[in-house]
Every structure is written in C-alpha cells, then in structure tokens.
Amino acid sequence: MGKVMIPIGPQHPALKEPASFNITLDGEKILDMIVKVGYNHRGIEKACEQRTYIQDIYLLERVCGICSHTHSTCFLQAVEEIAALELPKRAHYLRTIVAELERVHSHLLWLGVAGHEVGFDTLLMYSWRDREIVMDILSMLTGNRVNYAMNTVGGVRRDISPDQIKTILPLVDILEERTKYYIQVASEEVTLIERLSKVGTLSHDDALKLGAAGPTARASGRDIDVRRDDPYAAYADLSFKVITDNHNDVLGRTLVRVGELMESYKMIRQLLKNIPEGPIAVKAPRKIQAGEALSRYEAPRGEDVHYVKANGTDRPERVKVRAPTLANVQAVAAMLKNGYLADIPIVVAAIDPCFSCTDRMMVSMKDANSRKENFIDWKTLRQYSIDWYKQNRGVDMSKIKISKRW
Amino acid sequence: MIKPGKMFAEVMNNVFRKPATELYPFVKTEKPDKFRGKLEFYSEKCIGCKLCMKDCPSNAITINKIGEKKFEAIIDLDKCVYCAQCVDTCPKKALAATKEFELAQLVHSKLRVTLNANIEVKKTTEGQA
Ligand code: SF4
Ligand code: SF4
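In the order they appear, the protein sequences are chains A and B.
Numbering-wise, our numbering puts 65 at position 65 of the first sequence, and it's gapless, one number per residue.
Numbering-wise, our numbering puts 1020 at position 20 of the second sequence, and it's gapless, one number per residue.
Just chain A, with the same shape it has in the complex (with noise of 0.2 Å):
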C-alpha cells in the first residue's frame, strides 16, 4: 500500500479543542506531519485595546482557564514595569504562592490526561482526587477555584492569615506524600514505562532548533527556566532546582512535570515561612505613563511572554500574548515523525497543549501567482521580513547575522 493521508481536525471527535493536523502515513508509521493551529482565535488582543487595564486583567485571565494566574501576572509585571510600580514585598510573595499552586494544580491535571491517554484510567482517578486538595487551597486563598482574581494592578486583592498558614502546610505534606507515591509509580510501574519510553522522541538539538519551552524543553536536556534565568515576583528569594531529564520522551516529561513538582511544594513552604508583613498592594495610577515593556513568565506549560505598549491613556495601545503551546507546537511534528499513528493522541498531549490559549491572527502567506497556499522556506520569510521593515518602520535588519545552524 501506497502512501496515504489522514486530516484530524480542526474538528474531530478526538481531539478536545480545534487543531489541524495533517498526517501522511505509511501503513502505520508516520512519515510527515503538518500542525496547523488558528481555528480558534477569539481577539483577546485587539478586546485588551479597547478595555482600561483593569478590565483588562479578568480579560486576560481567561486567555487560559488553567493558567489564569500566569496570563494576569505576566500581563501586570508589564505594565507596572511600564509605570515604574515598586510592589511591596508581600504581593511579590502571594503572586508566588498561588503561582506555585497552579503550578501543582496544573502537572497534576496533566498526569491525569496523560494516563487518561494512555488508558491508564486509574491514574487519571487518583491524581485528579488529590488535585482536588490543591484546588481547595486556591479556593480558600483566592476566593474560588478557577480564575481566582487574585491579581490587581500594583499588588493582590486577598491577604494570607497566619491561620490559613496553619491550614495549607499539613495539605502541602499530604500533597507531596502522593506526588511521591506518583513518581515512585511513574518510575517503577512497567506498563505505563513501555508505554511511554522512546515514544514521541525530541533530541537536544531538536528541541533547540524548534525553540521547545517549559518541561517539554527541558526533558530534552534543554537546562531553561525563567523563574532561575531572569527571576520575577519572589523567585530570587527562593532555593530550588531545575529538573531537567535526558530520557528525550513522554516519559521523560512524566518525570520533569512530577519532578517539579516537588520542587513546587518546596518553594510553597519557603513562601508561606518566609511570607513578609506589610501592605498587599500600592496604589497604582488609571492612566499608565506612554512606554512599552515585554513580560517573561515560567507557566505550567513553558515560558509565556507578554507585550505592553502604553500611551499615556487608561487603555493599552497595544498588547501581544505569546502562550507556551506556540512555542511547543512545531514540536510536536518533529516528535512524531516516524511514529506511529497510535501514539498521536499521548504525543500531543505530553507537551500540554492549550490551542486556544495559543491563537492569534494568522496571516498566510501566498504566493501573488498561485492560489495554492504555501509554505514559504526559512530564506524567504526571513527576505520578507528584511524589506517588510525596511518599507513600514525604515530599519535595515539585513546586516544582522544570524547563526550557522539554520
């Protein structure tokens, strides 16, 4: 039998949000794969333009239902770096904790799915019931379990009693007695190894070369995290490690997100110890002075940034959000490449996607002639862009040398 070619998505009863992907298959092997993302873009970005900043806030953090906090936080450190904002400490330190939760809550949800993937309904059950600690936790800090509003501009809105404190640590001990039992499961148990290893293999330089992010990056050896290379909020107080694998598979990204997890319940403890007294928040001005800025931010699922530009008006002039899953999903095809088709469905979802969180305007790019659509090579894009800047902002990029590896 000849080459044939499958289209999954962008609507298909397998796959949880909208995404293309088109696959050539050789009997079971995968020969090619195209990713195409863009079904379901919701213009956040051209909405934040038209609110004031703190609407703004509860719009962005529902770029992302999983990683609301990820989406305000990154987008508020942009515009109180705009502001020139100097928060007191103790905000830094509450943005932390409940980034740290989500965190948990976040690996937590995924090894569920992953199992869920796998057919392996059993982890699903149990990781997903001890979530649910994690979950209560957010909801008694924050007022409730998903978008937990927590963030303002210029601080937080709720304050930690010393008696919550109290309350949260012996869950953090319960939490971390599991996510052990997890680890010793994802280490030990051999069907879910011979399910997961050398499947959906990334090497080093791949992972390099496609600007892989977050655990999927760093399970293949890529030694990246935002919170250690350029600390925001209150990272720089705190001692952890950076867990990264060389298994270069699902399994190695098992292993990351569990890992990290318990470097997670470290820093959680660190903060609620070493938690500083003092005001919550400063007051912050409606109009942010004219200036731009760009946000780094470890969520989840890898490096998310956001870009900011002020005029001097209660209203971002412009606002740009790259989510992790953008970074990750180029990824993807190069994973499956000389695969198989059945490990598709745990292939995507180990890098953790979130396709909606990721969409943004498309623009494709056409050849004038043809009608076909196409794939513009590295060179020719990289032309375009050279005279793109050139003609609409007068900068000559064409004597910046790029590296030899492309």
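Don't take each hint at face value.
What the hints assert, rightly or not - Have a look at the derived ranges for each label pair, beta carbon to beta carbon:
1. Ala1104(B) <-> Lys379(A): 25 to 33 Å
2. Val1107(B) <-> Leu31(A): 52 to 60 Å
3. Pro13(A) <-> Lys1092(B): 48 to 56 Å
Stated by the list, open to error - Cut-off 30 Å, straight-line C-alpha distance, at most; resulting in silico cross-link-like pairs (DSSO-like, lysine-lysine):
4. Lys46(A) <-> Lys1031(B)
5. Lys1079(B) <-> Lys16(A)
6. Lys1054(B) <-> Lys309(A)
7. Lys283(A) <-> Lys1034(B)
8. Lys46(A) <-> Lys1006(B)
9. Lys320(A) <-> Lys1054(B)
10. Lys309(A) <-> Lys1028(B)
11. Lys379(A) <-> Lys399(A)
12. Lys1045(B) <-> Lys266(A)
13. Lys1079(B) <-> Lys287(A)
14. Lys1034(B) <-> Lys266(A)
15. Lys273(A) <-> Lys1054(B)
16. Lys166(A) <-> Lys1054(B)
17. Lys1034(B) <-> Lys273(A)
18. Lys1006(B) <-> Lys180(A)
19. Lys266(A) <-> Lys1006(B)
20. Lys241(A) <-> Lys266(A)
21. Lys1018(B) <-> Lys180(A)
22. Lys1028(B) <-> Lys287(A)
23. Lys1099(B) <-> Lys166(A)
24. Lys1038(B) <-> Lys283(A)
25. Lys1065(B) <-> Lys287(A)
26. Lys1034(B) <-> Lys166(A)
27. Lys1079(B) <-> Lys283(A)
28. Lys283(A) <-> Lys1050(B)
29. Lys283(A) <-> Lys1028(B)
30. Lys287(A) <-> Lys1054(B)
31. Lys320(A) <-> Lys1018(B)
32. Lys1006(B) <-> Lys241(A)
33. Lys287(A) <-> Lys1050(B)
34. Lys89(A) <-> Lys1093(B)
35. Lys1093(B) <-> Lys283(A)
36. Lys89(A) <-> Lys1034(B)
37. Lys287(A) <-> Lys1093(B)
It is worth saying that the hints were derived from the structure and are not from the lab.
Idealized CB from N, CA, C, for every residue including glycine.
Given the coordinates of chain A, assemble chain B with the ligands onto it according to the supplied hints.
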C-alpha cells in the same frame, strides 16, 4: 523490583473508602469566605458615582438614579464574570459579593436582576424584559 500492577494495592485500599465526590445537589459544600458569587447592593450607601460601571470588565452592572439620592443596581447575571472588581472599586462599600452561586435560569430575562429598587420600578423593568 519492576512488576506491573504497581497501583493494585492503592486500588484495593480505595474499594473500601467512602467516595471522594459529594452528592451534589443533596450535599452542598460550604463556600470559602472570599467566594465571589452573586452581588449584593446596599442602595442607602451608594452615591451614584458609577465607578463600578466603569471598571466592570463585562458591562454587567448598571446604576440608575430612581429618585433623590436613590439608586438601583441592575445586574446581568449572565454577563457578570464574578470578579468582584466592582466591590473593590466602590468607594462607599455599597456592593458586596455573596456566596450564592446557583444562578442558572431557563428564562433569559430572569437573569437580569434589579437590586434594592422600590417595587414600582421593579415591575416596570420586568415588564420590559
Ligand atoms: S461605585 Fe459604589 S457608590 Fe459608586 S455607583 Fe457603584 S455602587 Fe454606587
Ligand atoms: S463582579 Fe465583575 S463582572 Fe460582575 S458586575 Fe462586578 S465588576 Fe462586573
């Protein structure tokens, strides 16, 4: 030792435990103190500055003047995202979040509620809806 069935003991232990889930709607869990549910409005405190309307991210709240120094709040429960920003914004603490969260309705017009209005006004708004 590496052998399959690593979680077997865990599963057996759980066979005899009580379910982890709650029997909602028969059993309802207590909401945390900071819970942000349906809003409450104290019309006697409101000064009609409308800052809450300005800060609401989803245009869910409307403050109307219904008489001399008297105001009513109309809230679209379906538009509200329960962020409680209006509660934080209000300089007079005229708004508060309650723990009420079971707000589903079959009739759309019932999602628009008028808080602390006098009876006559309430009737007219309902009539329009
Ligand atoms: S912010 Fe408070 S005082 Fe002002 S209109 Fe709204 S409810 Fe009334
Ligand atoms: S809780 Fe939020 S969305 Fe609802 S009325 Fe208040 S500000 Fe608007």
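These are the hints, each one checked on the structure:
| no. | hint | verdict |
| --- | --- | --- |
| 1 | Ala1104(B) <-> Lys379(A): 25 to 33 Å | violated (56 Å) |
| 2 | Val1107(B) <-> Leu31(A): 52 to 60 Å | holds (55 Å) |
| 3 | Pro13(A) <-> Lys1092(B): 48 to 56 Å | holds (53 Å) |
| 4 | Lys46(A) <-> Lys1031(B) | violated (35 Å) |
| 5 | Lys1079(B) <-> Lys16(A) | holds (25 Å) |
| 6 | Lys1054(B) <-> Lys309(A) | holds (22 Å) |
| 7 | Lys283(A) <-> Lys1034(B) | holds (22 Å) |
| 8 | Lys46(A) <-> Lys1006(B) | violated (50 Å) |
| 9 | Lys320(A) <-> Lys1054(B) | holds (24 Å) |
| 10 | Lys309(A) <-> Lys1028(B) | violated (46 Å) |
| 11 | Lys379(A) <-> Lys399(A) | holds (14 Å) |
| 12 | Lys1045(B) <-> Lys266(A) | violated (46 Å) |
| 13 | Lys1079(B) <-> Lys287(A) | holds (26 Å) |
| 14 | Lys1034(B) <-> Lys266(A) | holds (26 Å) |
| 15 | Lys273(A) <-> Lys1054(B) | violated (39 Å) |
| 16 | Lys166(A) <-> Lys1054(B) | violated (38 Å) |
| 17 | Lys1034(B) <-> Lys273(A) | holds (22 Å) |
| 18 | Lys1006(B) <-> Lys180(A) | holds (13 Å) |
| 19 | Lys266(A) <-> Lys1006(B) | holds (26 Å) |
| 20 | Lys241(A) <-> Lys266(A) | holds (10 Å) |
| 21 | Lys1018(B) <-> Lys180(A) | holds (23 Å) |
| 22 | Lys1028(B) <-> Lys287(A) | violated (43 Å) |
| 23 | Lys1099(B) <-> Lys166(A) | holds (24 Å) |
| 24 | Lys1038(B) <-> Lys283(A) | holds (27 Å) |
| 25 | Lys1065(B) <-> Lys287(A) | holds (28 Å) |
| 26 | Lys1034(B) <-> Lys166(A) | holds (17 Å) |
| 27 | Lys1079(B) <-> Lys283(A) | holds (28 Å) |
| 28 | Lys283(A) <-> Lys1050(B) | holds (20 Å) |
| 29 | Lys283(A) <-> Lys1028(B) | violated (38 Å) |
| 30 | Lys287(A) <-> Lys1054(B) | holds (14 Å) |
| 31 | Lys320(A) <-> Lys1018(B) | violated (48 Å) |
| 32 | Lys1006(B) <-> Lys241(A) | holds (28 Å) |
| 33 | Lys287(A) <-> Lys1050(B) | holds (18 Å) |
| 34 | Lys89(A) <-> Lys1093(B) | holds (27 Å) |
| 35 | Lys1093(B) <-> Lys283(A) | holds (18 Å) |
| 36 | Lys89(A) <-> Lys1034(B) | holds (22 Å) |
| 37 | Lys287(A) <-> Lys1093(B) | holds (23 Å) |
Violated hints, in rising order: 1, 4, 8, 10, 12, 15, 16, 22, 29 and 31; the structure is consistent with all others.
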